[in-house]
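Each protein sequence line maps, in turn, to chains A and B. Position in the first sequence (from 1) plus 159 gives the number in my numbering. Position in the second sequence (from 1) plus 159 gives the number in my numbering.
Derived by calculation from the structure, the hints in this document are not laboratory data. One should not assume that every hint holds.
For chains that are exact copies, the list does not tell them apart, and a pair is met inside one copy or across any two.
Computed cross-link-like contacts, DSS-like style, restricted to lysine-lysine with a CA-CA straight-line distance of at most 30 angstroms [to be verified]:
#1 Lys278 with Lys241
#2 Lys253 with Lys348
#3 Lys410 with Lys354
#4 Lys355 with Lys241
All figures in this text were calculated on a predicted structure; none of them were measured in a lab.
Protein chains: 2
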Amino acid sequence: MTTVIAVDAMGGDHGPSVTVPACLDFLDAHPGFELALVGLSEPIGRELARARASGRAGIRVVSATQVVGMDEDVRTAIRTKKDSSMRVAIDLVKDGHAQACVSAGNTGALMGTAKFVLKTLPGIDRPAICAVLPTRTGQVYALDLGANADCTPENLLQFAIMGSTLVKAVEGKERPSVGLLNIGAEDIKGNDVVKKAAELLRASPLNFHGNVEGDDIYRGTTDVVVCDGFVGNVALKTSEGLARMLGDFLKEEYTRSVFTRLAALVSWPVIRAFRRRVDHRRYNGAALLGLRGIVVKSHGSADRLAFTTAIARAASEASHGLLERIGEEVAAMAPLAASPPSAQAAL
Amino acid sequence: MTTVIAVDAMGGDHGPSVTVPACLDFLDAHPGFELALVGLSEPIGRELARARASGRAGIRVVSATQVVGMDEDVRTAIRTKKDSSMRVAIDLVKDGHAQACVSAGNTGALMGTAKFVLKTLPGIDRPAICAVLPTRTGQVYALDLGANADCTPENLLQFAIMGSTLVKAVEGKERPSVGLLNIGAEDIKGNDVVKKAAELLRASPLNFHGNVEGDDIYRGTTDVVVCDGFVGNVALKTSEGLARMLGDFLKEEYTRSVFTRLAALVSWPVIRAFRRRVDHRRYNGAALLGLRGIVVKSHGSADRLAFTTAIARAASEASHGLLERIGEEVAAMAPLAASPPSAQAAL
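Start from the sequences, fold in the hints, and give me the full structure.
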């Protein structure tokens, strides 16, 4: 059976002008897949025509008459946008017509709609956002990056199970190492939730490395880094801000005078190699883990290359049977990872 | 009266070989101050002799026979190291013989000893670590960066008052803007503590900008960024890790071949200007705010330039009357910033 990826063609800052060319690029590189382009038929058709890809094999247009705005409230999106490109793409996954979906739409609406439509996997209290980041030695999977501001120790263990399974599935690593994000001030090593989560992780069959600190993320100390969504979101956004500032500073210095512009010219291959190495577009596509369906969130500002990466991530997760594997792992660790009844009632 | 800065000459990874030359550099640039170099007389004397500065005006050696190890537990340090260079330097501040102290010793022991010896200021429940970071437009003061893993809304307001007063005092800004670090996922805007803290900040006379996200730190959106110590520590360490990785990658690309080494040579003025601009040594020296004395924590790995910066920061805080000003601001906002009786009992 051909694996079908539903693509929310309207989401993101650019909509079909980026998503449609990205879909075509993806298919060129991965001819075995089928893409369902969901959204307003007219602009999608126009972009396909522009790329001379109307009627191309592997592409199917699924009409949706609404679009979820980038600042739209999740409740409004769920209640009033039942025919949005985002919703229809998720519905395709729910109904088994697609094995995964991708959207560059707003994170809150995407997570909320996905939870509402797909529900969470058995044994998982809350879904988490898991992104891939570059490290000195390769890459690291970090979660949660913003879905859950407050977490219980059991939530963190569930994130660890899901992150570890994701790495196992798509990277083929046998026993991915898991780090628990903590702080290094000698006085107080973390808060109660993190301490309790460390106990759960130590008792689990996961390859738990122990606590890691912020600088371990980019050092590549572990394959997976687990944290609550508040901390993870701050770490991610802070990194984005710092990387952008450093990039801007470098650019400013290289464009300061005729001489520095010459230096930039001579350095071009070096700068290009450097930029390629840390190109965030090559890391685009965060997995919304813990749902009964594969959902990948692309950065809203994704360009063609970045959005292609996100589609490829969804395709990889689907073809590696991620959902089934997470289901098995969670079932195997069920007694450990289950929230106590009181905590479950509070959720 | 001459302002005296007590310098823990033994702290940090390098001890007197770095701290003593840094003290001399500081005095060259700031001849009005007096430094009390605290530690083992022999190595300090040797470093002074090596620099031909034995008996130099403005330098006084205060003997201390013990040294707090970089991994030493705070309790051990307080109980068994009553004559450590760190403790004696803090004692000098307590007894009024110095107006500030600086140490590159371990953060936990320094904060613990300073709290034990100096106590907190009236109206402040917990001291916080406040560091300066570079931004696109200048610099930002961020706190807490690791002293308090869990914070109440009142703690965060107190941090905001202290950070704001610090910027007012040493930067001369009239009404520094204060941002509250939060997350941007549309679904859940932060946790209860942050929401409550935002209310307190809005009701305060501080120039509260509102919530900021991780990327606002380096964007320089506000003069002060307030967060709990867990989040702040992760953001800081993550930044350090990312900056180091990017620096290493750039270096690797520039040293890859004869051609790239040539490009590096041509680019040298650009690279130097860039490095100067983001040189962490120019931002060394975190203020331990909220104590009845000025204490500045230098990075443990600080070199001569970095440690000189930390001394200069302590000197600036002392000569701008930071303590008195924080006292006044806290008193002015006392009803707002006081923890509820129940929370105080729990502290």
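Results for each hint:
1. Lys278 with Lys241: Only inside one copy: Lys278 and Lys241 sit 17 angstroms apart there, 59 angstroms across copies, limit 30 angstroms.
2. Lys253 with Lys348: between (42 angstroms within a copy, 28 angstroms between copies)
3. Lys410 with Lys354: neither (43 angstroms within a copy, 38 angstroms between copies)
4. Lys355 with Lys241: This pair counts as neither: shortest intra-copy Cα distance 41 angstroms, inter-copy 34 angstroms.
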